[in-house]
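Add chains B and C to chain A, keeping to what the hints say.
Chains as they are written, first to last, in the working numbering: chain A, 1 to 353; chain B, 1001 to 1183; chain C, 2001 to 2248.
Hints are computed from structural coordinates only; laboratory data are not their basis. Hints are all accurate, no fakes.
Some, not all, of what chain B presents toward chain A, calculated at C-beta under 10 angstroms:
| id | residue |
| --- | --- |
| 1 | Thr1023 |
| 2 | Asn1032 |
| 3 | Trp1035 |
| 4 | Lys1153 |
Stretch-level coverage of chain A by chain B, calculated; a stretch enters the list once three of its residues show a Cβ under 8 angstroms from a Cβ in chain B:
| id | stretch |
| --- | --- |
| 5 | 262 to 273 |
| 6 | 336 to 342 |
Built from N, CA and C at the ideal position, the CB exists for glycine as well.
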Amino acid sequence: MAEKVLMKGNEAVAEAAIMAGCRCFFGYPITPQNEIPEYMSRRMPEVGGVFLQAESEVAGSNMVYGAACAGARVMTTSSSPGISLMQEAISYMAGAELPCVVVNIVRGGPGLGGIQGAQSDYFQATKGGGHGDYRLLVLGPSTVQELVDLTMEGFDLADLYRNPVMVLGDAILGQMMEPVEMRERPKRDLPPKTWATMGAAGRQKNIITSLYLDPAKLEKHNLHLAEKYGRMAAEQVRYSAYMTEDADVVLVAYGTTARIARAALDRARERELKVGLFRPISLWPFPYDALAAATTGAAHVLVVEMSLGQMVEDVRLSLGETKPVHFYGRTGGMTPSPREILDEIVKIVERGA
Amino acid sequence: MHEEVVFAGFGGQGVLLMGQLVTYAGMMEGRNVTWMPSYGPEMRGGTANCGVVVSKEEIASPLVSEPTSVVAMNRPSLEKFQGMVRQGGLIIYNSSLVDVEPARNDVRVLAVPANEIANELGDVRVANMVALGAFLGATGVVSVDTVLQALKKVLPERRHGLIPLNQKALARGMELAAALKAG
Amino acid sequence: MQKVFGRPEALADVPTHYCPGCTHGIIHRLIAEVIDELGVRERTVGISPVGCAVLAYDYFNCDFVEASHGRAPAVATGIKRASPGSVVFTYQGDGDLASIGAGEIVHAASRGEKITVIFVNNAIYGMTGGQMAPTSLPGQKTTTSPRGRDPETAGHPVRVCELLSSLSGVGYIARVSVTSPANVAKARRALKKAFEVQLEGKGFSLVEFLSTCPTNWGMTPIEALKWVDDKMAVYYPLGDYTRVPEVG
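Extracted from the complex, chain A is given alone in its bound form:
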């Protein structure tokens, strides 16, 4: 077991990338994720990697596209407004099937918004963001350890599926310090990058493009992508369920909010209210079936987010009309407190009784 070290989420995510073999980082400063490029600028030269501060997120994400074309393990990180600027390259990478890891340390929006933590980029991350029929694998860690583990895992999954992977954090996770073990991971068998463009030495030329002018060919390409997304959806569903077995009210929350919800759950259980917590870890693919199974016995579901209600739509897709789905959210960088969530639980229970 590796020794535990105390690290900021932002620094931990950077070191995790290095440990996962990431040797190219392109980025542009934006609060609250600046510790990541700062860390990378120190660390990459030590491991013979590339750190480049791009002239914009638009350019930086296209550098990621280029490095991915050359077969490199590559990452960029940003926060909400910067991630909006990267949507072009993300769509192109999805279309051209290029692996990379994009970390979004989400802050409040819309527009320039604020710099405190939020979860208002859920739609952007899981439902598209850029143009076209594509999906990202989206992972939502809730502790610094999980941020590290999922970032490392993200590089493998990106290579496995030849698809961009997004780690959806938030400013709280990025700024907080927590003990973390930087664990070496077992090496996965991954397909060789025979498609990469580094010069056609002794082989036919490789072309990387997302352009298909013939609609029949573009449809075929999209169907190929859809088949891949189907595999991802079947193989990569991740979640955790806590005390849901006997729960009357199941809280559904991801990321930092899941931790706050857990604090509310502890208080509710002290009052002998039967409350459980379902935490999606993969936000795409969303654990629709697992959520339905974990809430079979519950009378109510309460979704808590740092937004005005985005993931709640997936929860409703999962549960349909089987039971009431309630929502509590704070937005703009405000965080729900355990007490506020407990108050909501009490209201639901009293109304239901």
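Same frame as chain A, but now just chains B and C:
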């Protein structure tokens, strides 16, 4: 054992370091810990604070909304955070810079003339360590020895010469806390 | 019998989609010849733009990547930084490079990225049907400047070589045309020099080609070549724009 602490003051008073030392020491003593700073424009010469959780249990929320203790190094910090402290909790304030009394009578209160003591010790910059010593003495969240070990890890090697001074400052703070307990 | 003319190995044996009288074909061939001459085909990665040359990846016989509009220098940066042994060139039109990609080209040049940029300036948006380009001449009629480009409202044409030549990262920068055999020969020398600068690690290199668009200019191929000589080359003088970097 579950402590949620806010350390707050002006930027430059070393309040983030106070929190980091408690967090680090908590980790070294086998506790679960989290540290969450304020950040952004208010850090540039304005107020700074951090929330620290030290617990035997797995830590759910890293956000401190109802602290068991608040350490306020200036008046704006005291005014901002005193109302949040749990009943029976603790307020430590830097009486060198705060010229009002805390407005709570359902919590323990400890006035620490941190700047004056630090000046006596020869360096006003260790005022944070005086207050931290008082906090450790009053709560026993982590031991002062572990904090000193943590300090060695947090401070860059070239500044380890400052450790004896910090140790003295911590000790003076501990003495004040002992007086509170005795009184 | 001795073979005196053949297809360069770096050029694919396929028909192109370019219009009659367009000089993209000549420029493609020159690039392929230089790649062959330098013996770097198996190390070369090209980046095609959005614009008429979007399908350039089909016409060259080397690895190729299609970039989004204007971002070819950023994509090239990513490839070159990740794979420093590769020979990387972008092929960009005037809208791609001087309008939507103005930021990327300036910063790639400024960083001295060891890439070669082929900039094809025909003073118009060809693929989208003849709209005004950042390099359209004053008074030039296009579908979005039907009364002729008025600099008062539509701004002035951008002189890319002059603009970029002030940046210290630039190792070589030149403007050429392919309107005559003599100009073609000069252009070929400039291209070779540009790739050599990359191979020698001497920074960013760019060759601007004044090119034709008979279709959207509404001219015959011969008239178009003459327009390049008589109009474009006046506003955009041919020559070597490389500056010896100032010290200090």
